[in-house]
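From just these sequences and the hints, can you work out the full model?
Protein sequences appear in the order of chains A and B.
Just so we're on the same page, the working numbering is the position in the first sequence counted from 1, plus 124.
Just so we're on the same page, the working numbering is the position in the second sequence counted from 1, plus 14.
Where hints are given, some of them may not hold.
[What the hints assert, rightly or not] Some chain A residues close to chain B (C-beta under 7 angstroms, calculated; not the full set):
1) Arg136
2) Arg139
3) Thr143
4) Leu196
[What the hints assert, rightly or not] Not close to chain B: a few residues of chain A, all C-beta gaps over 12 angstroms, as computed:
5) Leu131
6) Gln251
7) Arg257
8) Ser267
9) Arg268
10) Arg273
11) Pro287
[Said to hold, decoys possible] Ranges between beta-carbon positions, derived for each pair:
12) Leu174(B) / Val146(A): 30 to 38 angstroms
13) Ser161(B) / Tyr297(A): 57 to 65 angstroms
14) Ser79(B) / Ser299(A): 39 to 47 angstroms
15) Glu130(A) / Ser161(B): 16 to 24 angstroms
16) Arg87(B) / Phe148(A): 19 to 27 angstroms
17) Ser29(B) / Leu196(A): 51 to 59 angstroms
18) Ala119(B) / Ser144(A): 20 to 28 angstroms
19) Arg87(B) / Ser292(A): 27 to 35 angstroms
20) Asn157(B) / Ala189(A): 47 to 55 angstroms
Because the hints were derived from the structure by calculation, they are not lab data.
Just so we're clear, the structure is a prediction, and the values are computed from it rather than from any experiment.
Backbone N, C-alpha and C fix where the C-beta goes; we use that ideal spot for every residue, glycine too.
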Amino acid sequence: MNDFPELENELRALRPARTSPVIFERIEEALAENCRAPVSGAGSMANWLRRFTETPFRFGIGLVAAAAAVVLLLARINTDQTRNEDKEIAQVAPASETRPVLPAFSGGSGVNGSMSSNKFVPAGATQVVYNTRNEGLQFADGSRQPLRRLRYQTQQTWQWRNPSTGASLRVSYPSEEVVLIPVSGQ
Amino acid sequence: MDNIASHENWKSCFSEIGPGLLLFARQWTRSAADAEDIVQEAFVKFWRRNHRINNRALLYATVRSIALDFIRRDKRRARREATVFADADSTVEPQFEWEDEAQSALAAAVSCLPRDQREVLVLKIWNELTFSEIAGALGISQNTAASRYRYALANLKKSLQPQ
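Take a look at the structure:
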């Protein structure tokens with residue numbers, strides 16, 4: 125190992141460049157940001173909690189929260205569709221359009237009601253129809269009148285806002301709608 | 015067995031190991047600023063995880079891991095770095111403070127070493143790690159670390175000999 129003692133001494137005499145004073149401030153700031161609470165033993169509860177909130181767990185919690193929000197929204201949309209079925213049957217959507225659906229959502233009590241405890245209020249909702257497919261005529265159960273079956277593929281976006289904190293939540297997802305339009309013979 | 019998190023004055027701790035850490039990080043970066051970013055991230059991560067300050071192999075492994083992530087983060091940058099490392103390995107210069115021509119030549123010779131030899135040399139000479147710690151930091155065996163060190167010294171000796 126010591127075949128080159130002189131060379132090793134020469135190398136040790138060569139000093140690496142000094143650290144810039146700025147890096148001390150940067151590390152100090154980073155330490156203050158990352159660990160405001162004093163750190164104790166490796167197995168402490170505070171340590172465990174801090175690790176629990178680190179990346180993988182935070183992702184998991186975020187995913188669960190997002191999934192719950194989507195389930196609530198889907199439940200809400202299904203009830204809206206049932207309620208407005210008669211009205212929708214009379215409508216024919218163009219090939220592509222943006223439909224504001226805020227009034228139907230903001231007036232309800234489902235998701236809006238559940239969010240009210242957190243003081244989140246609906247801030248906007250859009251439904252963009254990006255594809256419409258005519259699936260032909262068919263007879264509904266017990267109906268003698270033919271119906272035209274149209275399938276809309278849409279992208280729905282919902283937004284909520286907390287007026288007191290300014291925090292906002294936005295959920296966007298693709299959806300499919302099937303509309304039956306009565307065809308009257310002439 | 016001091017714990018880095020309970021270290022009363024982390025600044026004195028960092029002032030001891032900081033220059034060596036930066037020099038080690040410079041093996042992977044083109045600029046001192048990038049090396050400082052890496053060292054800062056590694057030091058904070060090490061501090062946050064509450065590791066023992068004497069676990070130097072882990073500290074240097076953290077620096078190395080963050081340096082590799084840093085390079086991978088931007089593919090274009092990584093390509094550029096890889097090209098530079100492949101074509102002109104010698105252009106990645108560790109920063110030294112030299113006082114005379116002999117030291118300047120020595121610094122240049124160090125920067126011309128292959129990267130695997132240079133990182134072992136940097137850890138051994140300027141960070142005073144044992145071969146066991148170097149092996150832990152680089153994920154190699156102690157024998158490999160020792161032989162890379164010997165090769166590095168032999169290559170330096172050869173390159174410093176008058177033509």
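To see whether the hints hold, each was checked on the structure:
1. Arg136: holds, 6 angstroms
2. Arg139: Where the cut-off is 7 angstroms and the nearest Cβ of chain B is about 5 angstroms from Arg139(A), the hint holds.
3. Thr143: Hint on Thr143(A): holds, closest Cβ of chain B at ~4 angstroms, below 7 angstroms.
4. Leu196: Not OK, violated: Leu196(A) not within 7 angstroms of chain B, min 36 angstroms.
5. Leu131: About 6 angstroms separates Leu131(A) from the closest Cβ of chain B, which leaves it inside 12 angstroms; violated.
6. Gln251: Holds, because the least Cβ-Cβ distance between Gln251(A) and chain B comes to about 37 angstroms, which exceeds 12 angstroms.
7. Arg257: For Arg257(A), whose nearest Cβ neighbour in chain B is about 39 angstroms away, the distance exceeds 12 angstroms, so it holds.
8. Ser267: holds, 59 angstroms
9. Arg268: At roughly 64 angstroms from the nearest Cβ of chain B, Arg268(A) sits farther out than 12 angstroms, so the non-interface label holds.
10. Arg273: holds, 47 angstroms
11. Pro287: It holds; Pro287(A) is separated from chain B by about 35 angstroms at its closest Cβ, greater than 12 angstroms.
12. Leu174(B) / Val146(A): 30 to 38 angstroms: holds, 35 angstroms
13. Ser161(B) / Tyr297(A): 57 to 65 angstroms: Since the Cβ atoms of Ser161(B) and Tyr297(A) sit about 58 angstroms apart, the hinted range of 57 to 65 angstroms holds.
14. Ser79(B) / Ser299(A): 39 to 47 angstroms: Holds: the Cβ-Cβ distance is about 43 angstroms, inside 39 to 47 angstroms.
15. Glu130(A) / Ser161(B): 16 to 24 angstroms: Distance hint for Glu130(A), Ser161(B) holds at roughly 21 angstroms.
16. Arg87(B) / Phe148(A): 19 to 27 angstroms: Cβ of Arg87(B) to Cβ of Phe148(A): about 25 angstroms, so the range 19 to 27 angstroms holds.
17. Ser29(B) / Leu196(A): 51 to 59 angstroms: holds, 54 angstroms
18. Ala119(B) / Ser144(A): 20 to 28 angstroms: holds, 26 angstroms
19. Arg87(B) / Ser292(A): 27 to 35 angstroms: holds, 28 angstroms
20. Asn157(B) / Ala189(A): 47 to 55 angstroms: holds, 51 angstroms
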